[in-house]
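Chain B is fixed; fit chains V, A and U onto it per the hints.
Protein chains in written order, with my numbering: chain B, 2 to 333; chain V, 2 to 333; chain A, 2 to 333; chain U, 2 to 333.
Worth double-checking, as some hints may not be accurate.
[Said to hold, decoys possible] No farther apart than 30 Å at their CA atoms in a straight line, the calculated lysine-lysine pairs in the DSSO-like style are these:
#  : chain 1 : residue 1 : chain 2 : residue 2
1  : A       : 312       : A       : 116
2  : A       : 237       : A       : 312
3  : V       : 312       : V       : 116
4  : B       : 132       : B       : 111
5  : V       : 6         : B       : 132
6  : V       : 312       : V       : 67
7  : U       : 237       : U       : 6
8  : B       : 312       : B       : 237
9  : V       : 312       : V       : 111
10 : V       : 6         : B       : 111
11 : U       : 237       : A       : 6
12 : B       : 237       : A       : 132
13 : U       : 132       : V       : 237
14 : V       : 132       : V       : 111
15 : A       : 312       : A       : 111
16 : B       : 237       : U       : 237
17 : A       : 67        : A       : 132
18 : B       : 132       : A       : 237
19 : V       : 6         : V       : 67
20 : A       : 6         : U       : 111
21 : U       : 237       : U       : 312
22 : V       : 132       : V       : 67
23 : V       : 132       : U       : 237
24 : U       : 312       : U       : 111
25 : V       : 116       : V       : 6
26 : B       : 67        : B       : 6
27 : B       : 6         : V       : 132
28 : U       : 6         : U       : 67
29 : U       : 67        : A       : 111
30 : U       : 6         : A       : 132
31 : B       : 111       : B       : 312
32 : B       : 67        : B       : 111
33 : B       : 67        : B       : 132
34 : V       : 67        : V       : 111
35 : V       : 111       : B       : 6
36 : V       : 237       : A       : 237
37 : A       : 111       : A       : 67
38 : A       : 6         : A       : 237
Calculated from the structure, these hints are not laboratory results.
Number of protein chains: 4
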Amino acid sequence: MAIPKSAYPAPFNVTRASHVVITSRDLGASRAFYVDMLGLIVSDEDANTLYLRGLEEACHHSLVIKRAPEPVCERVGMRVYAESDLDAASEFLARRSMPYRFVEVPHQGKTLHFKDASGAPIELCARMDVKPRLVVAFDQFRAGAPHRLDHFQILTPDLQAVCDFYTAMGFRLSEFVAIDGTDDLVFAFLQRKGNPHDIVFANGGGPRLHHFAYTVPDASHIIHACDVAGRMGFNKNVEYGPGRHGPGHALFVYFRDPDGHRVELFTTHYQCMDIENEPTRWDVSYLANRPWGYPPRERWYEEASLFAGVKPNYPPRRAGPATLESLISSSK
Amino acid sequence: MAIPKSAYPAPFNVTRASHVVITSRDLGASRAFYVDMLGLIVSDEDANTLYLRGLEEACHHSLVIKRAPEPVCERVGMRVYAESDLDAASEFLARRSMPYRFVEVPHQGKTLHFKDASGAPIELCARMDVKPRLVVAFDQFRAGAPHRLDHFQILTPDLQAVCDFYTAMGFRLSEFVAIDGTDDLVFAFLQRKGNPHDIVFANGGGPRLHHFAYTVPDASHIIHACDVAGRMGFNKNVEYGPGRHGPGHALFVYFRDPDGHRVELFTTHYQCMDIENEPTRWDVSYLANRPWGYPPRERWYEEASLFAGVKPNYPPRRAGPATLESLISSSK
Amino acid sequence: MAIPKSAYPAPFNVTRASHVVITSRDLGASRAFYVDMLGLIVSDEDANTLYLRGLEEACHHSLVIKRAPEPVCERVGMRVYAESDLDAASEFLARRSMPYRFVEVPHQGKTLHFKDASGAPIELCARMDVKPRLVVAFDQFRAGAPHRLDHFQILTPDLQAVCDFYTAMGFRLSEFVAIDGTDDLVFAFLQRKGNPHDIVFANGGGPRLHHFAYTVPDASHIIHACDVAGRMGFNKNVEYGPGRHGPGHALFVYFRDPDGHRVELFTTHYQCMDIENEPTRWDVSYLANRPWGYPPRERWYEEASLFAGVKPNYPPRRAGPATLESLISSSK
Amino acid sequence: MAIPKSAYPAPFNVTRASHVVITSRDLGASRAFYVDMLGLIVSDEDANTLYLRGLEEACHHSLVIKRAPEPVCERVGMRVYAESDLDAASEFLARRSMPYRFVEVPHQGKTLHFKDASGAPIELCARMDVKPRLVVAFDQFRAGAPHRLDHFQILTPDLQAVCDFYTAMGFRLSEFVAIDGTDDLVFAFLQRKGNPHDIVFANGGGPRLHHFAYTVPDASHIIHACDVAGRMGFNKNVEYGPGRHGPGHALFVYFRDPDGHRVELFTTHYQCMDIENEPTRWDVSYLANRPWGYPPRERWYEEASLFAGVKPNYPPRRAGPATLESLISSSK
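So here's chain B without its partners, still in its complex pose:
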């Protein structure tokens, strides 16, 4: 696969990963997990919806949880800078004959809905209602003290298509993992905001949401989040980590929420915004040789949240490496 070149200037100005909308069978259990334990802040709530944000976020929400009979991901959201960028985005989609529509979403400005090249439902908006930043509300810090939503990871069997699509929108590839000796991508880290990723795509049955990730201030918050989780009866929800990522370099821990959605806490990573920064390549065999710590449990590779109303496609099972886990294992 060829690494596509990012459009510059971008056809419209996506600024960052913004928010994710998931569903839950039990909002009380979600609240206990995300607010009482993990430390997110409630911006608003009603009988059917919980709007949460991180401690440094002035935007109304970065995580929306809706009551529903089945847990799915409804949509991932990104910000554009100005509403004029939404019009430019719709023109970009129209030129590609990709359907879109403008919708009204509570607490957001004009919002554009479409599906990306993987089939994942995306929304773009320029504005949200404003809430107080609690970045120095130290007396309200709990557990990991998650500060802001940073990125999403989505599984898809067709990484070529999503890379072509996102780089055409002006996303830059910061790092990628490829099968040794080939250009076949198994991980692609795409960014707009100047750190390694706003959205990551990994090889697997999809589109499915693998996880969304919040930053925490430092290593001690990763440990404290685990300790508080253990103390509050969420020890089984600590799925993987603490550990150190190879690509991206962050210290991480993954939790599963009561509905099975996966959320990562991680320490922030490096700035990446200069034109001379070429994408960093990692061979998949390298991933088998972790910086330290246990490998992920198999379910970390296999399980992910369905997108509402979107049937995933699975990579062909027989034509060589299929799942990420088997790719890594077969490379050892």
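Frame of chain B; chains V, A and U shown alone:
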């Protein structure tokens, strides 16, 4: 004073604060301070120049120290995204009848020199030579483990002029301090990269460079930097802090280098890139009421590095508040 | 002054600094400071008394605050291992013709009251009621998360007398500060539990209680305690620090409570229990040369809590160095 | 099994776990692991012996590594307070008809050799040569910055015998793990120095040395130790963790050295020295329910260092639970 509106789209794309060029009477003493003690990495050095970078930086240098009989700041540098942005920058300056010239600078791509509205010498470039990121070279971490240059602070008696100039270039005002009950600015935090500041201007005799600032991973690195400094005979170089900033919210400590240049280490602050984020206003009287900790020593307000060949102007002494310190004191 | 030799075996087995009893004009304000802000745990309370402990403490109380019209320190408490040690202690005092009496104290076993060689009221007991250790109750950690009471500091004009007295009880001198070129003590660190101090005596008008000190888990808790204090309106209560001690080596911060009592939070220091460990000597001139950070405010040297009903004596003012501050200043 | 009562006063005064003597096939590899990577300090070395200590230790050595064809543990060492305690110790052993002998050991005072009730070779001494404490030599901190040796863990099939023996010496049981519904011990934590353990015994084939443990200042040092290990090619040596212990409560990570000896780094735990502190009981079934994190690999349970010249006995395999791992597994 009116808060000016930022140009969007910007006339050219400045991406971030990039580097600073200072002079030293004794490069050996500078190396002992910045490398052996503070933990910066040597990218290159010869008999007359030391090129340093932070641990996460892939760019060739963020701090250049040249041997000279007198310690001054030669220039502060910013990045634009592409070389085409340099041409757009020269047109922007030409429209304002501001002199500029293109120059060759070692290890940098095409570079544009000019003086900003405060008279401070600025350089813009799109490219630098590439060096390995050492963000996970944990065995090379020393003291504060400074990760990347984040911002500059410059003193000037005319904040209105610099705010007009930088916002016309597309900089956004993230926070500002004004005299109570007025719009008279005493601090202006201007940013392009999506956190509170790439360049800060404060009221005072100028243009003079007050400090440049490197990020550190967390609070423990602030303490460790002080501890290592004390251990290595640099205890008197710890000028102010550790403390918690009001505006910007970071944990900080300021050092003076052997030539008197001031460098800040601080923990990173919040993301700030959405269109609805209005500048945060602080009354100057608020600054007298610190989150905790001692007030700065008087010299922190008064002393700053001269720019090479630029004579500073001082604010009128009699027409009310003059120095920042007197403004804050008189507001108590 | 001669450094006295510690009795071995000790005439009775003091194990550690245990608790302090202070009075407050406003228990509500004390509770807000020590519990809501600083993070101590309430073991018991009634209309006139607040019993507090640190997170790792299984003993009923390490800080007792009683309602009273004037803020004083009633008594500092130490533990002996067994009740038989109390009898041995009373014999030790009787041999020295020092008054003592056995008293009943709520939540404590048999308790022995006496005044030490400085005139400070001391109590010894072997037992207390047991409370749950909250050392892993991470969801209850607040601010500095103070873990356990570690030591007291008392001012006295006669360090020779107290050193003779405490070493006769089996205390060991771990570190001391003396006037340059002499053996005149200005600080004496005395210990039983195997770290540098259970009780510290400093030259000054006394006996007065200078401070009592709680351990915190690490440097980040020192910073977080300051940050929470600032956020909750206690920024003026942060009296001195964060800083690094010379003697003892700990990272510290001192708070003043609403009644003016001083409490230190600090990171734990080194183990010190081998017979070959000779006391570490520091010249008082060395203290003027801090590892880093600001010197204490004058009031840190001068102000201290009176002991109930005990009139302090002040060192002679004219015969050379008197207060600790003047000693340190005059040595510069 | 009955929990034995600790002798008070003790027949002689053991103060703390002191040192361990192991052998290595390759002292260069040992030095690279313990010094260059882990951060221990070299006190002395010659062609056949490496004497190491932690950063806060003033004693000459806490880890002695001797060149030998096979890696074994020669001996674990404890301190008594005075040399008179060694004589009392020999009388204690003589009364029990346990062989002992006084030996000369370099850098140590008079030293007493014997085997404890598990058959493990122990040495006692009161004195060692003195080396500078490096507790504030921050510029020499590396990786985990191990501060002091804290405890040993030994496997033995007969926990009753060792508990009887050590409590007769005045050791106190701080925590223990027993098979549910019985008093059959599978873990016994025994202490003299006032924190939960100087020596731990666990059910298993023995006597074998399971691990020795050094304290580190805080959680960030646990992570940094792993990061440095990974960076320096020791990622496979990170055997288990980081994780949070149930009993003892510390944050831990276990490494295997190049010879297979196991060393733990952990954050210090709670003070435990009051007479009312009854041993904390844990059911073995509780251990299956970790605070968070992965369970240990099987080899963590099974593998341990042989003692020189001591053939281990294994618990009977058929009479129910045998190894610790099977006990924990069978209790799920």
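Original post:
Any of the earlier hints contradicted here, and which numbers?
Top reply: Result: hints 7, 11, 19, 26, 28, 29, 38 break, sorted rising.
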